[in-house]
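Protein chains in written order, with this note's numbering: chain A, 1 to 497; chain B, 1 to 167; chain C, 1 to 237.
Since the hints were made in silico from the structure, they are not lab data.
Heads up, a few of these hints could be off.
[Unchecked claim] Keeping only pairs whose Cα atoms sit at most 16 Å apart, straight-line, the calculated EDC-like set for lysine to aspartate or glutamate is: (1) B:K159 - C:E180; (2) B:K90 - A:E215; (3) B:K149 - C:E207; (4) C:K200 - B:E161; (5) B:K88 - A:E56; (6) B:K91 - A:E215; (7) B:K128 - C:E207; (8) C:K220 - B:E110; (9) B:K143 - C:E233; (10) C:K218 - B:E65; (11) B:K90 - A:E18; (12) B:K91 - A:E42; (13) B:K64 - B:E41; (14) B:K159 - C:D195; (15) B:K149 - A:E12; (16) B:K143 - A:E12; (17) C:K220 - B:D101; (18) B:K159 - C:E196; (19) B:K143 - C:E225; (20) B:K88 - A:E55; (21) C:K193 - B:E41; (22) B:K154 - C:E207; (23) C:K220 - B:E42; (24) B:K38 - B:E65; (25) C:K237 - B:D119; (26) B:K149 - C:D195; (27) C:K231 - B:E65; (28) C:K232 - B:D144; (29) C:K220 - B:E102; (30) C:K200 - B:E160; (31) B:K114 - C:E207; (32) B:K88 - A:E42; (33) B:K49 - B:D19; (34) B:K143 - C:E207; (35) A:K2 - A:E42; (36) B:K64 - B:E42; (37) C:K231 - B:D144; (38) A:K254 - A:E215.
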Amino acid sequence: MKQFQQYLTISEEIGFVEACNQSIVHANGLPNATLQEIVMFENGELGVILSMGREEVEILLLSKSSVKAGMKVTRTGSKQEMPVGFELLGKAVNPFGQALNTGQSIDKPKISRPIDISPSGINTRKRIEQSFETGVTLVDLLIPLGKGQRELVIGDRKTGKTSFLYQTILKQATMGTICIYAGIGKKTTDIKKMETFFHNAGIDNNTVIIATSSEDPAGVIFLTPYAAMTLAEYFRDEGHDVLVVMDDLFTHAKFYREIMLIGRRFPGRNAYPADIFYTHARLLERAGNFVLANGSEHSITCLPVVESVEGDIAGFIQTNLMSMTDGHIYFDVDMFAKGNRPAINPFVSVSRVGRQTQSQLRLTINRELISFLTLHNKIESFSHFSAEAGAGVKRTLAVADRIFAYFTQGANEVKNLDLQIVIFCLLWADYWQDNTKMEKDIATITQTHKNSIEAQSLVKDLVSHANSLNELLATVRKQQDKILSVFGLQVVNVTNI
Amino acid sequence: MDSPALFDQLIILLRTTSDVASVLLVLQEFIDSFYSSKTHEEQQQIFKKLSPQISILLTEAFAKEPITPENQITIKRQIDDLSDTLQKCKKMIMTLAFQPDEETTTFFSEWIKKNVSKDLLLDFQFDKSIVGGAVIIVGGVYKDYSVKKQLSNKFQIQKEEIMGLLD
Amino acid sequence: MLIDPIALIFLTLAVTTLAVVLYFLARAYTKNAQELHELQKQNNQIQNQLAEKPIKLLEKAHERAQELIDQANRKATEIVASSKAYEDTSNQSLKGKLDELEKEQAGVFTKASEDMKLAYQNMITQIQEQDINTLKTMTKDIQTDVIEDFKEFRGELEKETINSEKIVKEKINEEYLGMEKDLQTYKKEKQQKIDEDIYKILYRVSEIVLNQGISYDKHKELVLEALETAKKEQVFK
Numbered sequence: 001m002k003q004f005q006q007y008l009t010i011s012e013e014i015g016f017v018e019a020c021n022q023s024i025v026h027a028n029g030l031p032n033a034t035l036q037e038i039v040m041f042e043n044g045e046l047g048v049i050l051s052m053g054r055e056e057v058e059i060l061l062l063s064k065s066s067v068k069a070g071m072k073v074t075r076t077g078s079k080q081e082m083p084v085g086f087e088l089l090g091k092a093v094n095p096f097g098q099a100l101n102t103g104q105s106i107d108k109p110k111i112s113r114p115i116d117i118s119p120s121g122i123n124t125r126k127r128i129e130q131s132f133e134t135g136v137t138l139v140d141l142l143i144p145l146g147k148g149q150r151e152l153v154i155g156d157r158k159t160g161k162t163s164f165l166y167q168t169i170l171k172q173a174t175m176g177t178i179c180i181y182a183g184i185g186k187k188t189t190d191i192k193k194m195e196t197f198f199h200n201a202g203i204d205n206n207t208v209i210i211a212t213s214s215e216d217p218a219g220v221i222f223l224t225p226y227a228a229m230t231l232a233e234y235f236r237d238e239g240h241d242v243l244v245v246m247d248d249l250f251t252h253a254k255f256y257r258e259i260m261l262i263g264r265r266f267p268g269r270n271a272y273p274a275d276i277f278y279t280h281a282r283l284l285e286r287a288g289n290f291v292l293a294n295g296s297e298h299s300i301t302c303l304p305v306v307e308s309v310e311g312d313i314a315g316f317i318q319t320n321l322m323s324m325t326d327g328h329i330y331f332d333v334d335m336f337a338k339g340n341r342p343a344i345n346p347f348v349s350v351s352r353v354g355r356q357t358q359s360q361l362r363l364t365i366n367r368e369l370i371s372f373l374t375l376h377n378k379i380e381s382f383s384h385f386s387a388e389a390g391a392g393v394k395r396t397l398a399v400a401d402r403i404f405a406y407f408t409q410g411a412n413e414v415k416n417l418d419l420q421i422v423i424f425c426l427l428w429a430d431y432w433q434d435n436t437k438m439e440k441d442i443a444t445i446t447q448t449h450k451n452s453i454e455a456q457s458l459v460k461d462l463v464s465h466a467n468s469l470n471e472l473l474a475t476v477r478k479q480q481d482k483i484l485s486v487f488g489l490q491v492v493n494v495t496n497i
Numbered sequence: 001m002d003s004p005a006l007f008d009q010l011i012i013l014l015r016t017t018s019d020v021a022s023v024l025l026v027l028q029e030f031i032d033s034f035y036s037s038k039t040h041e042e043q044q045q046i047f048k049k050l051s052p053q054i055s056i057l058l059t060e061a062f063a064k065e066p067i068t069p070e071n072q073i074t075i076k077r078q079i080d081d082l083s084d085t086l087q088k089c090k091k092m093i094m095t096l097a098f099q100p101d102e103e104t105t106t107f108f109s110e111w112i113k114k115n116v117s118k119d120l121l122l123d124f125q126f127d128k129s130i131v132g133g134a135v136i137i138v139g140g141v142y143k144d145y146s147v148k149k150q151l152s153n154k155f156q157i158q159k160e161e162i163m164g165l166l167d
Numbered sequence: 001m002l003i004d005p006i007a008l009i010f011l012t013l014a015v016t017t018l019a020v021v022l023y024f025l026a027r028a029y030t031k032n033a034q035e036l037h038e039l040q041k042q043n044n045q046i047q048n049q050l051a052e053k054p055i056k057l058l059e060k061a062h063e064r065a066q067e068l069i070d071q072a073n074r075k076a077t078e079i080v081a082s083s084k085a086y087e088d089t090s091n092q093s094l095k096g097k098l099d100e101l102e103k104e105q106a107g108v109f110t111k112a113s114e115d116m117k118l119a120y121q122n123m124i125t126q127i128q129e130q131d132i133n134t135l136k137t138m139t140k141d142i143q144t145d146v147i148e149d150f151k152e153f154r155g156e157l158e159k160e161t162i163n164s165e166k167i168v169k170e171k172i173n174e175e176y177l178g179m180e181k182d183l184q185t186y187k188k189e190k191q192q193k194i195d196e197d198i199y200k201i202l203y204r205v206s207e208i209v210l211n212q213g214i215s216y217d218k219h220k221e222l223v224l225e226a227l228e229t230a231k232k233e234q235v236f237k
């Protein structure tokens, strides 16, 4: 960045601060200023023009230190830009591309891109056809996602949303996707924890953290998700698939509300400004599945996060985001209290786009599971009456119990989807009668699959040659001895349900 | 006399923002005197703090007759209107390398009133480092016509020539 | 006061009756007491008898046990005595047999060891001769191998020395050129810096000179010039 005097000489325009109210500054002068233009104050601090009146401009401060009345301000002639480049991989930066760790130096990327741009038009977009794996079995089987989808992650605080995000990032980073985590107004310790997690998991080379802490100026916090999306667009244009996690947009909305109320905008519903929907929509619309100029197809998958209060997903911001995304994954606080991990409610969660990316096999598994779990729900509600349950009911409850145990997954644990399908087949065919034995066997199978190439190729063969669950079950029955011996399990006759 | 006409007459005599500030201060003092035990003559004396021409003009306008409870409100309203108009006047900040005397100030002010606008007021700032000329800031526009800038440009353009002299 | 004679008679009758009743009561009481005393005596006797019986039984049992133990002891000593006798005889016969066997075996072993000694001596001499021959041939082979290897090594060493000399020369040249380049760059940079400093000094000096050289009227003229230029450039619009 040049000095104030240099910008003054180039722009030949000057303004004087008339009033300063926390992060909003009113200045006169600057006759040719444009909206969203960066301005520089006499003391080197930066601001962005929020609105312009007849005699004065309204500037949003992008720095912690305040400005005084009478201070000079000049235009820089540039819009808000973020430096983008592969030099940022493995680093934690703020929306201006500066390292968060004071000891760390970053080679400043040579290219900069404007932070706030209009989303691409319809002609550059393509139908979402590739599946997006999260490494969480429950999501991959019941609420499948696609590359380029925008899926809202919603739930109360401390219900496991961040663990789910960690698992998804870990899975996608190991598959070669570039993952960008936008931490909006987070605690510094949380940002540090995430950085350490990425480093320990060895996925530094595929991840970037763009974060602002809660003590940063409201203007900078507001820019965080936009900066993350700008960086994602750069990597997409360079030929990579990208995952952007925005944690969380509810905080973003609160800070935007703060800025607008200080700027004396008329408050709308819940005191949010009237353009809160537009603020988030123009951000999320920049994600999707795109066709580049060279004909290649790349995606930006977006996982915005929003917090609900007391399980209320009908809040203003929550419903706004649900309407502008392609589905939502709901973390149920009651399920969390019961001990379900992950505490995802598959009946409330929705994926509008994911199913079109699934193979026939996964579609049939999805349908079977959903209808079975629906049946289980109905039976469970009646089993609270103290009537004697019949054999069929008992069996359904037992199988459902095993299915929930099968879905249980530890924090930071990611699973291979094909392997989970094969395990599901064994479960569906009643190979296990006991939950404890099932958990032990699943651990054995997972370990064997990890270490044995034979097991990996067997699983891949089984899944790729099956077009439906029944077909896969038939194949598993035929090859049961081989399968069980490869995984070191006890040979037992598997039967059809 | 109504405020616009008075303003037109007054603005011709006002050169700089400090002149305007003095006039506003005196007008405020005059208003404050309504609620004190000052006599008519003492009230007239208040305007004597300004330059003779301005003093005569304002005395004629507001202090010709004694201030009574009947005419007090009208006069105060007129003064407030005049103050508002004076405060809204545009100003031009000129940074000079020297301290201009009264004659020079009047000279520049007259030039401005003749060539630009009657109600554009001057605000002089002193900065020796510009060497000569002026840096003008008006209506948000910043123009550097200082000798320092010209010297710097000349040095920049003829750098090679100058460096050649050194060898 | 005189007592009524009827009352007196009645009283006398009552007293007499009471006395008679008391007499009978007393007799019955003494009779019962005597019976009780006798019963108690009998009870004590029976208890003593009962106490005496188990003691007698115990004593009888003790005596019987003692008898049995004595019998058993006697039998055991008899058996031990007989076994001791048997042991002595068998020891003696075993000893005799062992001595015989020992003598026999001693003879066999001496013969066998002498045979083995002979054979061993023969083997050793044979091996010695073989080893000497092998050593002789080995040293010859080693000598030739070593000489060849040495020749080869010498040749390689000479080659390598020449090569490494070349490499070192090249390296030194490279380094030298690099250093020269760095030196030139450094010189250039320093020169540039000095030139810049001089340039700045010149500029500063010109500023100072001009500052002092401009008169008041000249200042006024310059400002007016600035205003005219601003008007021309439509700054005031």
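Checked hints:
1. B:K159 - C:E180: Answer violated: K159 of chain B to E180 of chain C is near 29 Å, above 16 Å.
2. B:K90 - A:E215: Distance ~40 Å between K90 of chain B and E215 of chain A Cα, so the pair is violated.
3. B:K149 - C:E207: holds, 10 Å
4. C:K200 - B:E161: This hinted pair holds, its Cα atoms lying about 15 Å apart.
5. B:K88 - A:E56: Roughly 14 Å between the alpha carbons, so the hint for K88 of chain B and E56 of chain A holds.
6. B:K91 - A:E215: violated, 39 Å
7. B:K128 - C:E207: Holds, because 10 Å separates the two Cα atoms, which is no more than 16 Å.
8. C:K220 - B:E110: holds, 14 Å
9. B:K143 - C:E233: holds, 10 Å
10. C:K218 - B:E65: With a Cα-Cα distance of about 49 Å, the restraint between K218 of chain C and E65 of chain B is violated, given a limit of 16 Å.
11. B:K90 - A:E18: Measuring from Cα to Cα gives roughly 15 Å; hence the hint holds.
12. B:K91 - A:E42: Status violated; Cα separation ~20 Å.
13. B:K64 - B:E41: Roughly 10 Å separates the two Cα atoms, so the pair holds.
14. B:K159 - C:D195: Between K159 of chain B and D195 of chain C the Cα gap is close to 11 Å, so the pair holds against 16 Å.
15. B:K149 - A:E12: holds, 13 Å
16. B:K143 - A:E12: Holds. K143 of chain B to E12 of chain A sits at ~6 Å (cutoff 16 Å).
17. C:K220 - B:D101: With Cα atoms ~11 Å apart, K220 of chain C and D101 of chain B stay inside 16 Å; holds.
18. B:K159 - C:E196: At roughly 10 Å apart (the allowed maximum being 16 Å), E196 of chain C and K159 of chain B satisfy the hint.
19. B:K143 - C:E225: holds, 13 Å
20. B:K88 - A:E55: The hint holds at about 11 Å.
21. C:K193 - B:E41: Not OK: K193 of chain C and E41 of chain B at ~72 Å, beyond 16 Å, violated.
22. B:K154 - C:E207: With Cα atoms ~12 Å apart, K154 of chain B and E207 of chain C stay inside 16 Å; holds.
23. C:K220 - B:E42: violated, 41 Å
24. B:K38 - B:E65: holds, 14 Å
25. C:K237 - B:D119: The given pair, whose Cα atoms are some 14 Å apart, holds under the 16 Å limit.
26. B:K149 - C:D195: violated, 21 Å
27. C:K231 - B:E65: violated, 45 Å
28. C:K232 - B:D144: Distance ~14 Å between K232 of chain C and D144 of chain B Cα, so the pair holds.
29. C:K220 - B:E102: holds, 13 Å
30. C:K200 - B:E160: Satisfied, since the Cα-Cα distance of roughly 14 Å is no more than 16 Å.
31. B:K114 - C:E207: violated, 33 Å
32. B:K88 - A:E42: Judged against 16 Å, a Cα distance of about 25 Å means the pair is violated.
33. B:K49 - B:D19: Holds. K49 of chain B to D19 of chain B sits at ~11 Å (cutoff 16 Å).
34. B:K143 - C:E207: violated, 20 Å
35. A:K2 - A:E42: holds, 12 Å
36. B:K64 - B:E42: holds, 12 Å
37. C:K231 - B:D144: holds, 13 Å
38. A:K254 - A:E215: The hint holds at about 14 Å.
Of the numbered hints stated above, those contradicted by the structure are hints 1, 2, 6, 10, 12, 21, 23, 26, 27, 31, 32, 34, listed in ascending order.
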